[in-house]
Amino acid sequence: MSRTQVISCRNLDYSIGKKRIFNDLSLSIYSGELVAILGPNGAGKSSLFKAITGELNITSGAVAINGKSRRDLSMAALAKCMAVLPQSANLSFAFQVNEVVLMGGLQAICTQKQLQNMADNIMREQGVLALKQQAYPTLSGGEKQRVHFCRILLQLAVGNQFSPQALLLDEPTAALDINYQHQLLMTAQQLALSGMAVVAVLHDLNLAAQYADRIILLNGGEICADGTPQSVLTTDNIKRVYGYDSKIINDGELSYPLVI
Amino acid sequence: MFVTSRWPLALPSFILVLLLTLVVFSVSIGPIAIPFTASLKALLTDWVQWQLPVKSSDILVVNNIRLPRTLLCLSVGCILGLTGAVMQAVFRNPLADPGIIGVSSGAALGAGLGIVIFADLLATMPAWLQLSTVSVFAFIFALGVCLLVYKLGSSSHGSSVMVMLLAGIAISALAGAGMGMLNFVADDQSLRDLSLWQMGSMAGGNWISITLTSVTAAALLLIFMPAAKAINILLLGDAEARHLGLDVVALKKRLIFSCAVGLGVAISAVGMVGFIGLIIPHLVRLLVGPDHRRLLPLSAMLGALLLLLADMMARTIMAPSEVPVGIITALLGSPFFIFLLLQQRTKLGM
Chain A
1 MSRTQVISCR
11 NLDYSIGKKR
21 IFNDLSLSIY
31 SGELVAILGP
41 NGAGKSSLFK
51 AITGELNITS
61 GAVAINGKSR
71 RDLSMAALAK
81 CMAVLPQSAN
91 LSFAFQVNEV
101 VLMGGLQAIC
111 TQKQLQNMAD
121 NIMREQGVLA
131 LKQQAYPTLS
141 GGEKQRVHFC
151 RILLQLAVGN
161 QFSPQALLLD
171 EPTAALDINY
181 QHQLLMTAQQ
191 LALSGMAVVA
201 VLHDLNLAAQ
211 YADRIILLNG
221 GEICADGTPQ
231 SVLTTDNIKR
241 VYGYDSKIIN
251 DGELSYPLVI
Chain X
261 MFVTSRWPLA
271 LPSFILVLLL
281 TLVVFSVSIG
291 PIAIPFTASL
301 KALLTDWVQW
311 QLPVKSSDIL
321 VVNNIRLPRT
331 LLCLSVGCIL
341 GLTGAVMQAV
351 FRNPLADPGI
361 IGVSSGAALG
371 AGLGIVIFAD
381 LLATMPAWLQ
391 LSTVSVFAFI
401 FALGVCLLVY
411 KLGSSSHGSS
421 VMVMLLAGIA
431 ISALAGAGMG
441 MLNFVADDQS
451 LRDLSLWQMG
461 SMAGGNWISI
471 TLTSVTAAAL
481 LLIFMPAAKA
491 INILLLGDAE
501 ARHLGLDVVA
511 LKKRLIFSCA
521 VGLGVAISAV
531 GMVGFIGLII
541 PHLVRLLVGP
551 DHRRLLPLSA
561 MLGALLLLLA
571 DMMARTIMAP
581 SEVPVGIITA
591 LLGSPFFIFL
601 LLQQRTKLGM
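Taken in sequence, the protein lines are chains A and X. Read in order, the letters of the first sequence correspond to residues 1 to 260 in the working numbering. Read in order, the letters of the second sequence correspond to residues 261 to 610 in the working numbering.
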């Protein structure tokens, strides 16, 4: 598959007061790859993520989506080619799960019935269908996260004629149990295989190793390492970035390194 | 919530029938008792041109005295219900009632300033222009307070109940001081105007105030209804709404501006009538859920209903004298507000 550049960040600078969060940071994300952004607390992962999504005003530099500067794209145009799963979204009004998922279809041009069918399929695949009629505020943290993931998937499905698309996940597995952690990342992996550019900020090195095609290791606002899980997750890199003495197991049965 | 999903028009129709019945009741009560059927006949004779046997004095009392007041209740109630629902959505906070966060007192101060400072100029104007001018003053102050409270109390994470309520206290106190000053410096005629109007009463209902408030209510519905789906999405939070393709800043500006116009007009016409905007959207959410496509029209209808009911109480509980309707809505609303605060306490784990 030919790889096209979906997200490009050029020379991003960002500081809060005098504290420099990142400086002259550049990177590109291509279609068809799942990129994990890793790094210790305060490495600038969330800031980089928010610089890409536009929630944060970078001091200088440029972010482009599909070759167009993000500033030049309308909100609606951006929503069709980029979906963002936040770390947590709070919604205190008692919408039903189905209504929350359908919010992802804001840009839809199909009929309400078609949209509902799409939403039902997504909820079925993600194991959320049983919650369909429940009030959102009564759900657990993990269930809420899965509902929002369905909403994001509907947003992508609605905009999919505008490919290639980007999917950005901010610590998507934080509230999930092990089963749903893997289910969510498997879905993300399939979306990447179908040609999407997927970026996930993760904490768990092993989940990153298992699912990412490429890992970007951040430290102090700089890219320390960028490459395949095998090349990035080395004892040296982990010691240097996290200050932790790890052991890497390259088991023949696994196609990825295991960090313990 | 479940009944209405199967028969979506059942509840609105029921409220409409209730509303129409109350209208007839409302024109039948007062110092001259006119039976329900006679009132209905009087209304139909004058409005549908049915020639029914009815006393001409009844027609006069019903259509010239009681109907204007009743219609004013309906249109102002509509405005208060609608703006309450929309402000709670903009602030993403169920306690964001215009009265509680200081917008109403700001608007009242604006209207008061208009009445006192431009007393001479207003006296030269025709009646409709007087009310419109006072409304403009009220609107400017309402808008100012809305923006101030919004800036103070909101961040990208939503709005802080505490900051919002404290800002409301501060602004209400400031507006109260301003109002006191106005009372102090006003000449006899404007003092009379001011104090009559401040009490919050529907008695001043005339065709001018009815036209202005009902046009405003209709305009608000026309602005809010097409945005109902977007308003739902606003509740997810600013960042999430933007990611879904919504121009959040433009939408919020439009909503806050419209609410300020609505409150400016309503408060200029009837004075301070609190709590309708707080109670009604909550009740409607209990009935049909939080979707604004259903919430907004029903809030408008139930707002009208509640204000009409409150006004009927105001006219009857101490008859023949009349209690300002603001007192009735406060009597109903304050306990409700405390109930909501208790709910928030449980949410915060207190």
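Don't take each hint at face value.
[As the list claims (entries may be wrong)] Taking lysine-lysine and the DSSO-like style, the derived pairs with C-alpha atoms no more than 30 Å apart in a straight line are:
#1 A:K19 - A:K50
#2 X:K489 - A:K68
#3 A:K68 - X:K513
#4 A:K68 - X:K315
#5 X:K411 - X:K513
#6 X:K315 - A:K50
#7 A:K113 - X:K315
#8 A:K68 - A:K80
#9 A:K50 - X:K513
#10 X:K411 - X:K315
#11 X:K513 - A:K19
#12 X:K489 - A:K18
#13 X:K411 - X:K489
#14 X:K489 - X:K513
#15 A:K19 - X:K489
#16 A:K50 - A:K18
#17 A:K113 - A:K68
#18 A:K113 - A:K80
#19 A:K247 - A:K18
#20 A:K50 - A:K68
#21 A:K113 - X:K411
#22 X:K411 - A:K18
#23 A:K239 - A:K50
#24 X:K411 - A:K132
#25 A:K239 - A:K19
#26 A:K132 - X:K513
#27 X:K489 - X:K512
#28 A:K19 - A:K80
#29 A:K132 - A:K113
#30 X:K315 - A:K80
Keep in mind that the hints were calculated from the coordinates and are not lab data.
Results of checking the hints against the structure:
no., hint, in the structure
1, A:K19 - A:K50, "holds, 17 Å"
2, X:K489 - A:K68, "holds, 29 Å"
3, A:K68 - X:K513, "holds, 28 Å"
4, A:K68 - X:K315, "violated, 76 Å"
5, X:K411 - X:K513, "holds, 12 Å"
6, X:K315 - A:K50, "violated, 73 Å"
7, A:K113 - X:K315, "violated, 56 Å"
8, A:K68 - A:K80, "holds, 14 Å"
9, A:K50 - X:K513, "holds, 24 Å"
10, X:K411 - X:K315, "violated, 58 Å"
11, X:K513 - A:K19, "violated, 33 Å"
12, X:K489 - A:K18, "violated, 42 Å"
13, X:K411 - X:K489, "holds, 24 Å"
14, X:K489 - X:K513, "holds, 16 Å"
15, A:K19 - X:K489, "violated, 41 Å"
16, A:K50 - A:K18, "holds, 19 Å"
17, A:K113 - A:K68, "violated, 33 Å"
18, A:K113 - A:K80, "holds, 20 Å"
19, A:K247 - A:K18, "violated, 37 Å"
20, A:K50 - A:K68, "holds, 18 Å"
21, A:K113 - X:K411, "violated, 40 Å"
22, X:K411 - A:K18, "holds, 25 Å"
23, A:K239 - A:K50, "holds, 27 Å"
24, X:K411 - A:K132, "violated, 36 Å"
25, A:K239 - A:K19, "holds, 24 Å"
26, A:K132 - X:K513, "violated, 33 Å"
27, X:K489 - X:K512, "holds, 13 Å"
28, A:K19 - A:K80, "violated, 35 Å"
29, A:K132 - A:K113, "holds, 16 Å"
30, X:K315 - A:K80, "violated, 67 Å"
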